[in-house]
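K.L.:
Start from chain Z and add chains B and X according to the hints.
Residue numbers (UniProt numbering), protein chains in the order written: chain Z, 1 to 338; chain B, 1 to 310; chain X, 1 to 320.
Hints listed in this document are in silico derivations from the structure and should not be mistaken for laboratory results. A quick note: this is a predicted structure, and the numbers were derived from the prediction, not measured. For glycine and all other residues, C-beta sits at the position ideal for the given N, C-alpha and C. Keep in mind that the hints are not guaranteed to be accurate.
[Said to hold, decoys possible] Below are the EDC-like pairs computed for lysine to aspartate or glutamate, each with C-alpha atoms no more than 16 Å apart in a straight line: (1) Lys-277/Z x Glu-152/B; (2) Lys-170/B x Glu-115/B; (3) Lys-235/X x Glu-217/X; (4) Lys-28/B x Glu-289/B; (5) Lys-79/Z x Glu-65/Z; (6) Lys-237/B x Glu-261/Z; (7) Lys-282/Z x Glu-299/Z; (8) Lys-79/Z x Glu-229/X; (9) Lys-41/B x Asp-197/B; (10) Lys-170/B x Glu-201/B; (11) Lys-276/B x Asp-195/Z; (12) Lys-107/B x Glu-152/B; (13) Lys-265/Z x Asp-197/B; (14) Lys-269/B x Asp-195/Z; (15) Lys-245/Z x Glu-306/Z; (16) Lys-250/B x Asp-186/Z; (17) Lys-237/B x Glu-222/B; (18) Lys-266/B x Asp-195/Z; (19) Lys-148/B x Asp-111/B; (20) Lys-125/B x Glu-115/B; (21) Lys-107/Z x Asp-314/X; (22) Lys-235/X x Asp-314/X; (23) Lys-172/B x Glu-201/B; (24) Lys-85/Z x Glu-229/X; (25) Lys-235/X x Asp-110/Z; (26) Lys-34/Z x Glu-7/Z; (27) Lys-125/B x Asp-111/B; (28) Lys-237/B x Asp-264/Z; (29) Lys-200/B x Asp-221/B; (30) Lys-228/B x Asp-186/Z; (31) Lys-129/B x Asp-111/B; (32) Lys-200/B x Asp-264/Z; (33) Lys-250/B x Glu-279/B.
[What the hints assert, rightly or not] Quick partial rundown of chain B residues pointing at chain Z, CB under 7 Å, derived from the structure: (34) Glu-48; (35) Ser-49; (36) Gly-214; (37) Arg-251; (38) Ala-255; (39) Ile-259; (40) Arg-264.
These are the residues of each chain, in order.
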Amino acid sequence: MSNKLLELQNLKTSFRIEDKYYAAVDDVSITVNKNEVLGIVGESGSGKSALAFSVMGLHNRAKIEGNIVFKGKNIANSKPSHLNKIRGDAMAMIFQDPLTALNPLMKIGDQIAETLILHRPNMSNKERTEHVIELLNMVGIPRPVYVYEQFPHELSGGMRQRVVIAIAIANRPELLIADEPTTALDVTIQAQILDLIRTLKNEMHAGIILITHDLGVVAEMADRVAVMYAGQIVEIADVHTLFEKSKHPYTRSLLNSVPAEGQDKLHVIQGIVPGLKNLPRKGCRFSHRIPWVDPSHHEENPELHEVAPGHFVRCTCYKHFYFPDETKEVHIHGNPRG
Amino acid sequence: MAILEVEDLKVYFPVKAGIFNRTVDFIKAVDGVSFTIEEGKTYGLVGESGSGKTTTGRGIIGLETITSGRVVFNGADVTSRKSKSKDMRKDMQMIFQDPYSSLNPRKRVIDIIAEPLRNYERLSKIEEKKRVQELLELVGLSPESIMKYPHEFSGGQRQRIGIARAIALKPKLIIADEPVSALDVSVQAQVLNFMQDIQKELGLTYLFISHDLGIVKHMCDEIAIMYKGRYVEQGTKYDIFQNPQHIYTKRLVAAIPDIDPRNREKQFKFRRQVQKEYESSYSNYFDNEGLAYGLQSISDTHLVALPERG
Amino acid sequence: MWKFVVRRLLITFPQLILLSLIIFLMAQAMPGDALTGLVDPNLSFEAKEELREKLGLNAPWHVKYAEWVSGVVQGDFGESFRFKMPVTELLEQRLWNSFLLGVMTLVFTYVIAIPLGIISGRYNDTILDSSITGYTYIGFATPLFIFALIMLFVFGYQLQWFPTSGSVAPGLQPGSMEYILSKFNHLLLPALSMALIQTVSTVQYLRSEIVDTKQREFVITARAKGASESRVYNKHILRNSLLPIAAFFGYEISFLITGTLFVEQIFAYPGMGLLFLESINLRDYSVVNAVVLLFGAAAIFGALLSDIILSIVDPRIRIK
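Isolated chain Z (complex conformation):
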């Protein structure tokens, strides 16, 4: 049996703006294996959330091209009735903002129970309630019987995120997509939630897609990392390679713009992330942010090149890239912050 859980083949997700379609996710091919955390890193506008929503089929009015092969079956553009059997069951999602992800008028317990009602209709009411309480216990919520009857506004942000996670893991999904699961939380709570996700992964052997803009979170959680820029994957590698031997100019620039030990000046990437309508569709999409690199070094149609087993880099410009200013490149050795 193959270890592949999810395989995206040339996924392209486009949104309509004024009668024209613009691809927010442009020709992305990746695989997620069982019992693996794939980190997807990118800044806002990189298409990382659009990618997650495409996999879950949660886009309302988007054009989806390419294949989304989940457990051997292509689920791209399949009927809602078919998707509804998978969503919340074999495939589940954790959302960014726990303050808005829960229905304000529904009891906590009922919101978790709903996934069970949908996917395990034969469960008796008593069994279901017991299972919900067990789930609340699992995600570390104290006094679960009491919390069952509470409403979202009565819980803190961290507690609500635990509820969101309980909803996602209720049916022991094989694929869990976490979209910025800790961005809205305080650091100590973030540490607890990440710890929880890690524990759950070890228990359930699920494949996890962890989407984040925080390089620290990726460094701590991911087995493999994909870096996205302007709708494309620009680099993908195992986590150690990515942090120590990154090649793509964008990855290197990004790593250098985070405060680290021995760094007086942070690296600033020139220009701004282009909006969806203005994404460069031809040539190297990162080229205009590194204008000092000779245009001839970019490929006409940049492709992912395998520079080492499992390490892919888009465009050949990485071979000629250097930092023009006084910033010295920081290589991650030792604890940069402690």
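P.N.:
Leaving out everything else, chains B and X in the frame of chain Z:
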């Protein structure tokens, strides 16, 4: 020379309840905070949501009515009644967290930046325009963009407009409340670098409020950690990161994700260990109400909230 | 929740007192009094004064106010100068009629608004939605009194489907089946005329609430659980969207009162609105005062009711 001295600052918010909406209790958002900032330095105020760090900043600049305490700025008490005139606060400005909501969307850039100038200085239209253009150039934006509206700018550019407004009156102190939290990593770097540049250029002093210890470490000379309205620890960068004494500080420092994947397991173990210590020694660090004790000095620069010895 | 209700009730009392005071003082400030229109204009000034004195019309305002309020509290609104009968008795039948008209209108209003609002919100920016919003714009633009007249003309006089005046056919035994049916028949046209116009604001409100709620994140959470579209709407979107509609209920009552003034006049329906207009013309102040007071109180209680409804449905208010 100390430019800002805060003594026993308290900001309480009344809690109203019952049928007649009477004040039954107070939320002690800031509960006896004292500190001093030296001219030209960057002082970091760190805490999680609800710690009172933002309220402290707003209390100092006068956006929040303070319950008691003294704020001495530039040698003058800004809290005493007779100095409530706005001139006292001219040299103190604030940068806000969200560059999307802190700029009035219906105003042009020139009106946004010129607002403090109009409040304090009488300039002719031409002088005003010249000043705004100079300021825009200083923050790295094109002087031609004075007639644009905020939505025409990116997040980082908007934050620079906010900074231009803050430095329009050549202030001595800037209170920066989470100035980069709403921004992407690369834009964050841009704004932080820029803040350091103008600090050197204009001799600014910063009170830098943030929840992100990594950024605070990068920016600040001295750092204070706040929890539930009180200080738990204050010290130099070294004191806080290499020699944290309070369990809350340790927990906060341990919680920062480590950007080196090789330290992963070590970091998890460390975090668990700190968590255990936190649980077992909680009562040594917090009083019956779960609040921090008064500060004790453990070195020239290092203050920690510990129960009185003996 | 009880604390909230009690506190809300406590606010209601001063509102009611203020209302009664304003009504009383305004009535006092109006030129002329009950006597002006009733007595023989040839009567001497002294004789009129004497009559005024006798009727207590010359007492200082606060005495008159105290008298009036103490009467009102006991259900005594004084005597109608015109009908020569206690206002309370006069009001009884009228109040009942207007109440029926109001309830019927509200029922129609929501029976029309809820499905239209839901369809329009759920399938927004489709042809169906455009036709519904088109109807609401026409509704907003059409004055009620003109629309009611057209309804009366078309369905009352031309097609003769409905009676054109009164609240019940004459000569029927109160309580009999025919009596009830006749009452109902008389109600339909005025209630429908009012509801068709009044409902448009609720349709629009519900539509925009649904369009808003649709985009909230918890709806995505629900979809991610694998809930079908109909479940997403029934379990998640609807309840959250109906909440503000419940809050709107109180205002609906104020609109209803304004509406009855026109509609009762046009359909010659013997309710409070008609009574009000007639009494104003005849300066029958004790009746006017009573009607305005009841209208005002209805509006205040409407607001109270919607707040209480809201506190029951919304757990966020329930706690405080």
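K.L.:
Each hint should be assessed against the structure and marked as holding or not.
P.N.:
Verification of the supplied hints:
Between the alpha carbons of Lys-277/Z and Glu-152/B the distance comes to roughly 15 Å, so the proposed pair stays at or under 16 Å and holds. This hinted pair checks out: Lys-170/B and Glu-115/B have alpha carbons roughly 14 Å apart, not beyond 16 Å. A C-alpha spacing of about 14 Å is found between Lys-235/X and Glu-217/X, which places the hinted pair at or below 16 Å, so the restraint holds. Pair hint Lys-28/B plus Glu-289/B holds up; C-alpha atoms about 12 Å apart against a cutoff of 16 Å.
Simply put, Lys-79/Z and Glu-65/Z have alpha-carbon atoms about 15 Å apart, close enough for the 16 Å limit, and the pair holds. Pair hint Lys-237/B plus Glu-261/Z holds up; C-alpha atoms about 12 Å apart against a cutoff of 16 Å. Restraint check for Lys-282/Z and Glu-299/Z: satisfied, since their Cα atoms lie roughly 10 Å apart, inside the 16 Å limit. With a C-alpha separation of about 12 Å, the suggested pairing of Lys-79/Z with Glu-229/X holds against the 16 Å cut-off.
Pair hint Lys-41/B plus Asp-197/B holds up; C-alpha atoms about 13 Å apart against a cutoff of 16 Å. Between Lys-170/B and Glu-201/B, the direct Cα distance comes to roughly 11 Å. Compliance with the 16 Å bound is thereby established for this hinted pair. As the CA atoms of Lys-276/B and Asp-195/Z are separated by approximately 15 Å, the hinted pair is consistent with the 16 Å bound. Note on Lys-107/B and Glu-152/B: the hinted pairing holds, with a Cα-Cα distance of about 12 Å set against a maximum of 16 Å.
Only pairs whose Cα atoms come within 16 Å are accepted, and Lys-265/Z paired with Asp-197/B is accepted, the gap being roughly 10 Å. As the CA atoms of Lys-269/B and Asp-195/Z are separated by approximately 11 Å, the hinted pair is consistent with the 16 Å bound. Between the alpha carbons of Lys-245/Z and Glu-306/Z the distance comes to roughly 13 Å, so the proposed pair stays at or under 16 Å and holds. For the hint pairing Lys-250/B with Asp-186/Z, the CA-to-CA distance comes to about 15 Å; that is within 16 Å, so the pair holds.
Proposed proximity of Lys-237/B and Glu-222/B is supported: the alpha carbons are some 6 Å apart, at most 16 Å. A C-alpha spacing of about 14 Å is found between Lys-266/B and Asp-195/Z, which places the hinted pair at or below 16 Å, so the restraint holds. A C-alpha spacing of about 10 Å is found between Lys-148/B and Asp-111/B, which places the hinted pair at or below 16 Å, so the restraint holds. Simply put, Lys-125/B and Glu-115/B have alpha-carbon atoms about 13 Å apart, close enough for the 16 Å limit, and the pair holds.
Straight-line distance between C-alpha atoms of Lys-107/Z and Asp-314/X comes to about 12 Å, which keeps the hinted pair within the 16 Å bound. At most 16 Å may separate the alpha-carbon atoms for a hinted pair to count; Lys-235/X and Asp-314/X meet this at roughly 15 Å. Taking the CA atoms of Lys-172/B and Glu-201/B, the gap is near 12 Å; set against the 16 Å cutoff, the hint holds. About 13 Å separates the Cα atoms of Lys-85/Z and Glu-229/X, which keeps this hinted pair within 16 Å; it holds.
Pair hint Lys-235/X plus Asp-110/Z holds up; C-alpha atoms about 11 Å apart against a cutoff of 16 Å. Of the pairs offered as hints, the one joining Lys-34/Z and Glu-7/Z holds, with about 11 Å between alpha carbons and a cut-off of 16 Å not exceeded. For the suggested pair Lys-125/B and Asp-111/B, the alpha carbons sit about 11 Å apart, so the restraint of at most 16 Å is met. Of the pairs offered as hints, the one joining Lys-237/B and Asp-264/Z holds, with about 14 Å between alpha carbons and a cut-off of 16 Å not exceeded.
Between Lys-200/B and Asp-221/B the alpha-carbon distance is near 14 Å, which keeps this suggested pair within the 16 Å criterion. Pair hint Lys-228/B plus Asp-186/Z holds up; C-alpha atoms about 14 Å apart against a cutoff of 16 Å. Under the criterion of a C-alpha separation no larger than 16 Å, the hint pairing Lys-129/B with Asp-111/B is consistent with the structure, at around 10 Å. Among the hinted pairs, Lys-200/B with Asp-264/Z is consistent with the structure: their alpha-carbon atoms are about 14 Å apart, no more than 16 Å.
Distance restraint check for Lys-250/B and Glu-279/B: the Cα-Cα separation of roughly 13 Å lies within the 16 Å cut-off, and the hinted pair is therefore satisfied. With a cut of 7 Å, the hint placing Glu-48/B at the interface with chain Z holds, because the nearest CB-to-CB distance is about 4 Å. Of the supplied interface hints, the one on Ser-49/B holds, with its beta-carbon coming within about 6 Å of a beta-carbon of chain Z, less than 7 Å. Nearest Cβ of chain Z to the Cβ of Gly-214/B: about 5 Å, under the 7 Å cut. The hint holds.
For Arg-251/B, the suggested interface contact is upheld, since its CB lies about 6 Å from the closest CB of chain Z, less than 7 Å. Hint status for Ala-255/B: holds, given a least beta-carbon distance of 4 Å to chain Z, under 7 Å. For Ile-259/B, the shortest C-beta to C-beta distance to chain Z is roughly 5 Å, which falls under 7 Å, so the interface hint holds. Taking 7 Å as the C-beta contact cut-off toward chain Z, the hint placing Arg-264/B at the interface holds, the least distance being around 6 Å.
Every hint from the earlier list agrees with this structure, and none is contradicted.
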